[in-house]
Every structure is written in structure tokens, then in C-alpha cells.
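Trainee: Using the sequences and the hints given, assemble the complete structure.
As you go down the protein sequences, you meet chains A and B in turn. Numbering-wise, this note's numbering puts 25 at position 25 of the first sequence, and it's gapless, one number per residue. Numbering-wise, this note's numbering puts 190 at position 190 of the second sequence, and it's gapless, one number per residue.
Be careful, since some hints might not be right.
Stated by the list, open to error - Restricting the straight-line Cα-Cα distance to at most 30 Å, the calculated cross-link-like pairs of lysine-lysine (DSSO-like) are:
no., chain 1, residue 1, chain 2, residue 2
1, B, 303, A, 232
2, A, 188, A, 277
3, A, 232, B, 81
4, B, 81, B, 303
5, B, 160, B, 303
What the hints assert, rightly or not - Chain A side only, calculated, beta carbon under 7 Å to chain B, not exhaustive:
no., residue
6, 142
7, 144
8, 159
9, 297
10, 341
Claimed, not checked - Stretches of chain B that chain A covers, calculated by requiring three or more beta carbons in the stretch to come under 8 Å of a beta carbon on chain A:
no., stretch
11, 79–89
12, 152–162
13, 218–232
14, 279–288
None of these hints come from the bench; they were simulated from the model. Using N, Cα and C, we set each Cβ at its ideal position, and we do this for glycine too.
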Amino acid sequence: MNRWRQLLASSAVTSFISSLMAIVVGLAAGFIVMLISNSSQAVRAFWVILSSGVADMRNIGQVLYFATPIIMTGLAVGFASRTGLFNIGASGQFTVGAFLAILVSIRSLALPGPLPWILGLSAATLGGALWGLIPGVLKAWRNVNEVIAGIMTNYIGMYLVNFLITRTVYDRLRNQTLRVPPRGTIPKMGFEHIFRVGNSVSSVNGGIVIAAVTAILLYILLEKTTFGYELKACGLNRDAARYAGINENRSIILSMMISGALAGLGGGLLYLAGAGKSLDVVDVLAPEGFNGIPVALLGMNSPLGIVLAGLFIAYLTVGGFNMQLFRFAPQVIEIITAVIIYFSAFALLFKNFLEGRLVPGRLLEREEEGEPTAERGGGS
Amino acid sequence: MFFSIPLLIVALGGMFAERSGILNIALEGIMIIGAFCGILFIHTYQAALPGQPALLLAILVAAASGVLAALPHAYASVHLKANQIISGTALNMFAPAFAIYTARMLRTVQQIPFINQFRIDTVPFLGDLPVIGPLFFQRSYITTYMGFILLVISWVVLYKTSFGLRLRACGEHPQAADSVGVNVYALRYAGVAISGALAGMGGLVFIIPTSTNFNATVSGYGFLALAVLIFGQWRPWRILGAAFFFGLMKTVASSYSGISFLSSLPINSTVYKMIPYLATLVALAYSSQSSMAPRAGGVPYDKGNR
Chain A
1 MNRWRQLLAS SAVTSFISSL MAIVVGLAAG FIVMLISNSS QAVRAFWVIL
51 SSGVADMRNI GQVLYFATPI IMTGLAVGFA SRTGLFNIGA SGQFTVGAFL
101 AILVSIRSLA LPGPLPWILG LSAATLGGAL WGLIPGVLKA WRNVNEVIAG
151 IMTNYIGMYL VNFLITRTVY DRLRNQTLRV PPRGTIPKMG FEHIFRVGNS
201 VSSVNGGIVI AAVTAILLYI LLEKTTFGYE LKACGLNRDA ARYAGINENR
251 SIILSMMISG ALAGLGGGLL YLAGAGKSLD VVDVLAPEGF NGIPVALLGM
301 NSPLGIVLAG LFIAYLTVGG FNMQLFRFAP QVIEIITAVI IYFSAFALLF
351 KNFLEGRLVP GRLLEREEEG EPTAERGGGS
Chain B
1 MFFSIPLLIV ALGGMFAERS GILNIALEGI MIIGAFCGIL FIHTYQAALP
51 GQPALLLAIL VAAASGVLAA LPHAYASVHL KANQIISGTA LNMFAPAFAI
101 YTARMLRTVQ QIPFINQFRI DTVPFLGDLP VIGPLFFQRS YITTYMGFIL
151 LVISWVVLYK TSFGLRLRAC GEHPQAADSV GVNVYALRYA GVAISGALAG
201 MGGLVFIIPT STNFNATVSG YGFLALAVLI FGQWRPWRIL GAAFFFGLMK
251 TVASSYSGIS FLSSLPINST VYKMIPYLAT LVALAYSSQS SMAPRAGGVP
301 YDKGNR
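Mentor: Here it is in C-alpha cells:
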């Protein structure tokens, strides 16, 4: 019994339980919204949201496909947060990466073997890093707030890419980039034989593998290397890090570059996926970049958590797509996600409640240390 | 003008939240909620009400809905001491989804049309003045004047009243404020509520002159207002300057073809669209050395800390 209590009170378990509670509350809120708008169909439609992500092999493949870009932008935002920076510029970095991937891949089709897509993805990574470098340098050298620089580079990147598309790989009829032919796209790695129903093949491809490997590399970088430790130290306390001899300007610039590279690679992975998607010439910021923020928050900024969060949101997205059969607007999914994120802000409350219940002594200790506890939060 | 005024109003809103110590990244979402409720009000009652009263009522509706939308953010960041980015992001995500979902459930399409009958052709007397007349008092909207009035009110409230002094104290050093009997929680709630009201209004003010239907978006103006707020160094008059600087650049970018000198240059139109953002970035690089951000911004207030 005592061992159970200890297990339940360990911080990993309590965070897991509080995340789970946030998810349950979010789903319940979505269900209530659906009940209000159309009570006769709500139950069946809600069941589709919950189940269709694993209903057949094709849908499972679609979940992996939708998860790929948001895992990458989630990693970008989450990595920057770990180093104390808020990278709201992931959208611009994503767009620059997507454009360079398409451009380089199409221009290098003459090269043998897998070179076109490898070069395309490398260009996307470099382009994203370059676009992340701008707010990084401005922050480090000119003390420009990275949030505002990120917002500005989002727009500059979007307009610049629109301009460059019309000068290079432009499809005038559709007002978008040219299609990338199959030779220039990321290989399917045999997924097309697994994730399909009859003739309907899902769009999943090697991109999800690249995203997963990136997450693992990022985990190693953050948790197992001196460099990662330095970056995190800067995020936790800049002054202390400087006192310890860490070059904080170098850390800021490098972590924005890495974050940008991740977002840029995400753009490359989406547009070289071979799913027939082209980059449109429209004056709208890429939503994938902003979707990285909730993914990172839900994954608590840890690389592995972000992979799970990306898969979870993609799962709901596929469910919402299939739910349209019942004449519900798919925006229910975003409402659910928003509520989940909002209630993940309650995590501290749940956590303290659990810890307070299970280990009464611990709460006392915390109060003595002067750490925040939610019980004391009641009005003043 | 049409670009600057909503930026001004929303950035002033952000200022009230941030000077009280709460980051409000949800300005974009609150703008959408405000615009949605305001436009829905106009759409529903347009036939029954004459132009200007309908607009004024709609602005009140937008402000009230903005306050409602901002309250969950205030609760999470004040009482729950949560990370203020989290609830802001949640609100930004919720707002467009809510607007589209409700619109589609009510009218099956997501756009809400309205008839623009709010333009004032010329203000009596003032419109006849030379130079300023055509510039400020002809073909204008009541919302433009409202923007300036709000600016003056904000400045007075923030710097000339005890409420403003206490609010600023909560943003700089809440422990010190508390020690002299200021209710930090209440003031932070007030700060966020005011920011919700202004951002909600700003959303409607942005939509009215530039469009005839509302499509669940304010084109990233909430984030731009955040940029204007930082560029304006959290000070009302500087925010006005920043909003006008940005609005001027934006006007040049959208009307360059009318200026013969600019349109004769061999430059693509998309390059002009980049100018406002590039100019802001350059201006920031030369003006950001001394940041005057509220010191306790983004830090939850905990009485136990010193």
C-alpha cells in the first residue's frame, strides 16, 4: 500500500495523471458543444472522433502523416522554450524551409538516386536555421525581444517566399509551386503496403521516421551533452549561466538556429511528402508553425512528450475529418484541443492536490520552502 | 488610419494587462471573439437600428465579449499561477474555432456579412477646415475618434489616477505593492479585463472599415499589436507612435501604385508588402538597447515569495 502511494506521488505519475485529466475535461467540453448544437447525432459523431484514428490501417497512416509536421514545429517551439526563448517565428521558418525543399528538390532532379530529396531536406533545414538566426542575432546583439522579431520574420518570410515562388518554381494556373515529381519526394519506406485499405493508400512516408529520429537526437542533445546543459542553464537563469562562464549570446543564437532548423525541416517534410501538396501563393501565415505551440505545451517541452502530443493531436484531427459525415464542423477538434491546453494550465492544481492527498508531509515541506502551492491560491 | 487605429486600441489593451504583470499573448484570440460577437450583433439588428447607434452598441457588445473571453486567462494566470503563455495560446486556438463553429452551426457558412453604413462622409464644421479637414474629418469612421479618446483615457488612467499607479506597481514589484495594502489579485484581474475590453473593441474596429463580412480572422493583427506594444515600450504615447509608424508603412505598401515615383521603380508588389515588417525590425534593432518592460511581467504573484 505504501509503495503504491509513493508511486502515485512521484512527480512523473502525477504529471501524467494531470495531463490525462486535462484530456478528459477537453473531450467532455467538446462533447457538450456537440450536444448543444445537434443532440441527435452527437453521440455517434463523438464516437467517430474517439475511434476513427485507429479504425483501419489507412487512418492510422493518416495520423502519422498529419503528426509529422506538427511534431517538427512542436520540437522547434519546445526546444526554444527549454532554452528560455519563445520562438513564435516557427511559421516563417517553416515556410522558408518548405519553399527551399521544393525548389532544391525540383532543380536537382537530374541527380542520381535519393539525392534530390536529401538535398531538398538539407536546404529546408539550413533555410529554417537561417530564418531562426535573424531573431537570434537580434536578441543576442541588439536586445530585440524575440517574440516581436519572430512575428516580423514570419511575415517577411511569407512575403519573400511568395515573391520567390513567382520567380522560380511557379505554377501560374494554380497560383502555387510546381508539383514535386515522385523522384524528388521522400521514399514511402514500404509504408504504402501496410497503411492502406484496398486501393486507398494513406499519405504516410519516411518523414515520420525522420521526425522520430530528430526527437531522439534532440533528447540526447538536451539531456546528455554539455552543450545542451549550457543551453538549458541559459534558459533557467541567464545571469547564473553567465557567471558560470557560459557564453549566453552564443547560446541564444545557436538555440534559435537549431529551433529554426527544426521548423524548416518540418516544412520540408510536409511538402516533400509526395501527397500532392504544393505551397500556395497566399498572404496567410502557415498555420503549422502556430500549431507547434500547443503541441509543445501539451508535450511539456520534452522531445518525447512532444512526439506523443503531436500524435495525439493528429489522431483527433483525423477523427474530426471523418466526423464531418455527421454535418458537424471540424472546428470542434480545435475547441477540444484549446480546452485541453487550458486545463493543462491547471496541472499544478491537480498535482498539488494529488501530492497533498497522498503524502501529507510533503505539502508541509513545500510550504516551508516557500514554493507555490495551489491551496493557498484562494483570493486575497 | 485604418491600419493604425485597431493596432493602437489593441496594443493599449495589451499595455493594461502587461503593466499589471500578466502577459497577454491572447490579444489575437480576443480580437476574433470581439469582432465575431460585434459583427453578429450588427448582422442581426442591422434592419432594426440606424447606423451609428448600431455601431456604438456593437462596440459595447464587442468589449463585453472581450472581457468574458479574457476572464479565463486572468483566472489561470492570477489564481492558478499558471504559465501565462499556456492559457493565452489556448484562447488563441479556441477563438477562431469557436467563431467558425458557431457561424457554421447558425448559418451553415462561416462568413457573416454586414452592410457597411457606418462611414461619415464629412463631420459638420470640422470637415471644412483646410488640410486637417480632408485628412481627419472626411470619409471617416467614428471608431477613429474613439481610438484617440481611448488613448487619452488610457494615459490619464495609467499615470494620473491611484488605480493606475497601483496597477503599474503590480507589474513592477507586486510584493512591494502588497505590503502597502494593494490587492494584487484584484488589480491583475482588472488589468486583464481592461485588455479584454480593448482587444474586443479593436477586433470590431479592424473589421468594420476594411471588409463587408467577417471570416473568423483578424489577419494576425493581434500579434502585430503585441509587436506594437513592445515597440512602443509599454508607454501609451510611444504606442501611438509605433502604431502610426507601422500604419504609415502599411499604407505606403498598399497604395504605392498610386504614387508615381514608387510605381515606376522596377520592384515587385510583394516586396512592398514586406516593407512594414522589415522597417519595424530595423527600427527595433536600433531602439531596443534599453528595454522598459514591466519587471514582474509573466511572473505569477505568490505571496510567500520575497
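Trainee: Verify the proposed pairing of residue 303 of chain B with residue 232 of chain A, using a straight-line Cα cut of 30 Å.
Mentor: holds, 28 Å
Trainee: Interface hint check: residue 159 of chain A, Cβ to nearest Cβ on chain B, cutoff 7 Å. Holds or violated?
Mentor: holds, 4 Å
Trainee: Are residue 232 of chain A and residue 81 of chain B close enough, with their CA atoms no more than 30 Å apart?
Mentor: Distance of about 23 Å is within 30 Å: holds.
Trainee: If you look at each residue in the stretch 218–232 of chain B, do at least three have a Cβ nearer than 8 Å to any Cβ of chain A?
Mentor: With 7 residues close enough to chain A, the hint holds.
Trainee: Using Cβ atoms only, decide whether residue 144 of chain A comes closer than 7 Å to chain B, and label the hint accordingly.
Mentor: Result: holds, 5 Å to nearest chain B Cβ.
Trainee: CA of residue 81 of chain B to CA of residue 303 of chain B, is that 30 Å or under?
Mentor: The hint holds at about 11 Å.
Trainee: Residue 297 of chain A was flagged as interface toward chain B. Is the shortest Cβ-Cβ separation under 7 Å?
Mentor: Constraint on residue 297 of chain A satisfied, holds at 5 Å.
Trainee: Check whether three or more residues of the stretch 152–162 of chain B sit with their beta carbon closer than 8 Å to a beta carbon of chain A.
Mentor: It is violated, with 0 qualifying residues against the three required.
Trainee: Can you confirm whether the C-alpha distance between residue 160 of chain B and residue 303 of chain B stays at or below 30 Å?
Mentor: Given pair residue 160 of chain B, residue 303 of chain B holds - Cα atoms ~28 Å apart, limit 30 Å.
Trainee: Can you take a look at whether the stretch 79–89 of chain B is actually covered by chain A? Rule is 3+ residues, C-beta closer than 8 Å.
Mentor: With 9 residues close enough to chain A, the hint holds.
Trainee: For the hint on residue 341 of chain A, just tell me whether its beta-carbon gets within less than 7 Å of chain B.
Mentor: Given a least distance of 4 Å, the restraint on residue 341 of chain A holds.
Trainee: Using C-beta distances, would you say chain A covers the stretch 279–288 of chain B, given that this needs three or more residues below 8 Å?
Mentor: Result for this restraint: holds, n = 6.
Violation of the numbered hints given earlier is confined to hint 12; every other hint is satisfied by the structure.
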